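Colleague: Below, each chain spelled out in residue letters.
Protein chains: 4
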Amino acid sequence: MQVKDFKWEKGMTVRSMVDKFQNLGYQSIELSKASEIFVKMRKDGAKIFLTFTSNMVTSGLRGFFAQIIKYGMADVIVTTVGGIEEDIMKAKGEKFKVGRFDADDVELHEKGINRVGNLLVDVESYMNFEDCIRVILDQLYKKKKRWAVSEMLKEIGLMLDDKNSILYQAAKNDVPIFCPAITDGSFGFHLYLFQQKHKDFIIDVVQDFGNILFSTSYDDKKGVIALGGSISKHHAILCTLLHGGASYAVYMTTAHQSSGSVSGATTREAKSWGKVKYESDIATVIGDVTITFPLAMIKAFEELAEEGLLKNES
Amino acid sequence: MQVKDFKWEKGMTVRSMVDKFQNLGYQSIELSKASEIFVKMRKDGAKIFLTFTSNMVTSGLRGFFAQIIKYGMADVIVTTVGGIEEDIMKAKGEKFKVGRFDADDVELHEKGINRVGNLLVDVESYMNFEDCIRVILDQLYKKKKRWAVSEMLKEIGLMLDDKNSILYQAAKNDVPIFCPAITDGSFGFHLYLFQQKHKDFIIDVVQDFGNILFSTSYDDKKGVIALGGSISKHHAILCTLLHGGASYAVYMTTAHQSSGSVSGATTREAKSWGKVKYESDIATVIGDVTITFPLAMIKAFEELAEEGLLKNES
Amino acid sequence: MQVKDFKWEKGMTVRSMVDKFQNLGYQSIELSKASEIFVKMRKDGAKIFLTFTSNMVTSGLRGFFAQIIKYGMADVIVTTVGGIEEDIMKAKGEKFKVGRFDADDVELHEKGINRVGNLLVDVESYMNFEDCIRVILDQLYKKKKRWAVSEMLKEIGLMLDDKNSILYQAAKNDVPIFCPAITDGSFGFHLYLFQQKHKDFIIDVVQDFGNILFSTSYDDKKGVIALGGSISKHHAILCTLLHGGASYAVYMTTAHQSSGSVSGATTREAKSWGKVKYESDIATVIGDVTITFPLAMIKAFEELAEEGLLKNES
Amino acid sequence: MQVKDFKWEKGMTVRSMVDKFQNLGYQSIELSKASEIFVKMRKDGAKIFLTFTSNMVTSGLRGFFAQIIKYGMADVIVTTVGGIEEDIMKAKGEKFKVGRFDADDVELHEKGINRVGNLLVDVESYMNFEDCIRVILDQLYKKKKRWAVSEMLKEIGLMLDDKNSILYQAAKNDVPIFCPAITDGSFGFHLYLFQQKHKDFIIDVVQDFGNILFSTSYDDKKGVIALGGSISKHHAILCTLLHGGASYAVYMTTAHQSSGSVSGATTREAKSWGKVKYESDIATVIGDVTITFPLAMIKAFEELAEEGLLKNES
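Residue numbers (our numbering), protein chains in the order written: chain A, 1 to 314; chain B, 1 to 314; chain C, 1 to 314; chain D, 1 to 314.
The shape of chain A in the complex, shown without the other chains (with noise of 0.2 Å):
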């Protein structure tokens, strides 16, 4: 492959801009490889692990990633509970704002204003949730006493009324979603705020391991797209590594691997895993997911969607 002169073309498509990618350097080039990847994994009939950090719901990414269950690019989702509590507010109607970096936090507290990164959100969608998840949980309770994560987290995609919410489109779907730490954020302090009028109310984490287990087979194929590190990523490894590794794997994230973080560690460990046979079958690709996703997923579903490959796509 050589590498060759990138020109602009008036009315450029992203499918176009991606394919040229293939020849231009550095991460563009590994961008490619991850667009062509998804394309295989989904040809190969591979199971698809989706994983994605809480920010990331946070920014628009959340539509992109409920379009991408409902067209059947995710056939299991990890993440953590920042993403599912966001993913609600939102399908509550909530909005978030476009902020700046350097934001004047004192002035932001002042106004009940939380800041990620450039993003904001005000603390009154806080409130807000905190009122519907109460009436969420009362109404699990009166279905049974002991929740698996995923069956819960099902339970409430399907009280939901929002074609845009991941939850939403998961439940519809039969896309379960995986979330080992429950109690990291204000749904776990709700969870144990009612726990306390309610003794016999349990999240069990336990069970839930075994439905993120059997959720694939051994004899299964399985892919892992992680965006961003974190346990979402280090889960779906796991258990894909439970069942003899996975056949793809591509990896987009802001993290390097000098500091030996799993959010840092490369897809070349996944030669490791003793699964993973080809170079053209990983890719890592280091930039902000909001930029280097889109377009590695648009370029794979025009490829999918022209060979009729996308699922309720029409």
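It is possible that part of the hints are untrue.
Taking lysine-lysine pairs in the DSS-like style, the calculated list, with each CA pair at most 25 Å apart, reads [said to hold, decoys possible]:
#1 Lys154/B with Lys95/B
#2 Lys145/C with Lys47/C
#3 Lys197/C with Lys144/D
#4 Lys163/C with Lys145/C
#5 Lys7/A with Lys92/C
#6 Lys197/A with Lys142/A
#7 Lys197/B with Lys199/A
#8 Lys311/A with Lys111/A
#9 Lys7/A with Lys163/C
#10 Lys144/B with Lys199/A
#11 Lys197/D with Lys145/C
#12 Lys199/C with Lys172/A
#13 Lys199/A with Lys142/B
#14 Lys43/B with Lys172/B
Read the hints as simulated data drawn from the structure, not as lab findings. Just so it is clear, the structure is predicted and the values come from calculations on it, not from any experiment.
Since the structure of chain A is provided, determine the placement of chains B, C and D on it from the hints.
Modeller: Relative to the frame of chain A, chains B, C and D by itself:
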């Protein structure tokens, strides 16, 4: 404060070096601030939340964390399950090795070796851990059926006999260890297998939210030392926030704020919590924690020891 | 401005995607600002300083830079000598290849291949460059003995015949190319060998400081587009500063400000120049330039073309 | 080599700490390797190229660099012109201050203060530098009309009287200082103004390429210590490469290899030079140089001093 020419003097101590760092530049200045804040939070009687990720337990920092707990520099620990597994493995005599970042991962896999950055863990160590964890779960189950995570970890700590063990020192010194994603590792798999045989065995993560919340009170001054990012950092911030915010905060990480992740969120945000009033009480240090943390903490140890403020030190 | 759910639409163009980026999050928002500033600086008639490092010329961005010059989006270029060498090599027909970041460097060395990240350059290409540069220096020397660097580069540009060449397009369109470290490469070695034979051959870097200074005036509005860091970025900032500062500034880089380097310095500093008054006129985008720059510039191209503001476009 | 639990001992020295780093993890291991290579290159009589960027001279490392030159740990220096300007400013008594990364840049501008990360330089210091540089250029011009950069810098070093000055110690100890982009700073502006009055005043950068080339021979063993990236690092690598490659190489930087820049290029590339044969002779340390470099070099100083191998040390 002026910049001063840094000069080596023969036999230079860590204390003297970090002292000079306040006049040196960039992250060395931030590191010297972090060290001062460690001393301040201790002298002010703040409840100190220490958080770290499991890759730091893979490294030799594990013994340093145990020492910190023993000396009373941590009142609450928050970490991820990998670190707990490896602390137990090391307490049982498993040895980890130093390797290379650019190791041949296929070759390592064939030899049964897992790579964590430039450190190596034999697969055999994990198998030995499995034998050991089964016995531990049997013993726990005999005591009671429903365990909050931190209660379980204390019980395990009491079963160990290793002064360099985090769980051992925490148990001996009544420092609770919280792990909001207890199933995200080999431990989770074994909890699952055990629960298959004992359906009434329950890991109660919700109860533990109450435990971390009441590990301090609204009236306590609180300090956060967050090493690396992930849910350990987030969980400590969340819990101090629910009690009116932290008075002191030091973040040490390799992540940057540009992607909006909690791993890269800075202490400037701490001002938006509404509790940290003085610039001198917060610091963010960018760099590998295996270098920056020992430097900053040892300088604090030396000063606190001089004033007789280190517990169990003699 | 609100965060909006990002959604793919079939056949999505780059323009439409970057348009949606303003409501997406983190670096995608900063990227959409950068794109708007590109349009603003052009419409406002600002003199645009475009700076890039040589690794970007190794990549396929070389053709894109040539296109940018042709379309009148750059009035002054500042770069490093490696980029100039490789632009000439490519104009002479040398082909660079796509490789891998984790290539076996010993094996590459034995095959006579140099690695630049995941791109590969044959040693033979450098040898062909040497043959070519000797002829060029002979021709220059016949014309005169003392050359300012930018004069020399213009003369070389006129000798080339490749529409994708930066030097060619710059020469044709009267855009000066400044290279403050002209000896830092193979080119420098050949200048030295030539000067050994012709002691009166002088490369006058001091004269070129005047040339870049008078490439604009105090009264001109000035814009800086700095891709990557290094002296190219610093030189452009320095020269606009000596003329009262830039009115517009976009920095695209992978470096962070934490180490105090000019590579990671942010546009917030631009405010300290005393010229940039409005937040809307500066942007810093963190990420690989092979991805972020084409996205932002193509969106600007589409808008400017629509209004007939691209030179030589038809 | 095994991972060992890191433990503090009262009065711990830097030497003892870095010694323990070899069993600690991640970048601390790489740092301890770097320290060993510093000792090896000295004992092996290698010609040592030390490169640094100007932000490091802004910091207090300036005095440490002077000390390194005095002790014979650097045979050739390569740097950028900002560092040279600031070395002279400090030698003339200017004081730089410690500030904050999140300073109010508009306020600083109004006060006549320039910010470099968390360090501050008064505009007045630059004005004093200008007065001083005019006198220096007059004196140089009286001696001769055509100066290679390194000859000029040696002459300036001889005019200074400050043991903490890089230029002073280099001049006294016959260590040449190369600066391939001498015009990229305030110095360049004054060279230009001076040349306007004296057209026959010539700064000969081409001649200096020969000077750095012949500062070592093909037969010399060569070592490179590259702090930060930029052309200083590139120039040293280029020149050792033209003489058969370096036998030892330590890179300390905050940049990563993912964007293909020379700043982030690793020492693994050094193997492709064909000279570095042993893994033990190269190291890349990721982190802020104000922390990592003093640690690694002080450990080497202590060992070399013990064996009487530090020049001028008594």
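Colleague: What are the numbers of the hints that this structure violates, sorted from low to high?
Modeller: 2, 4, 8 and 12
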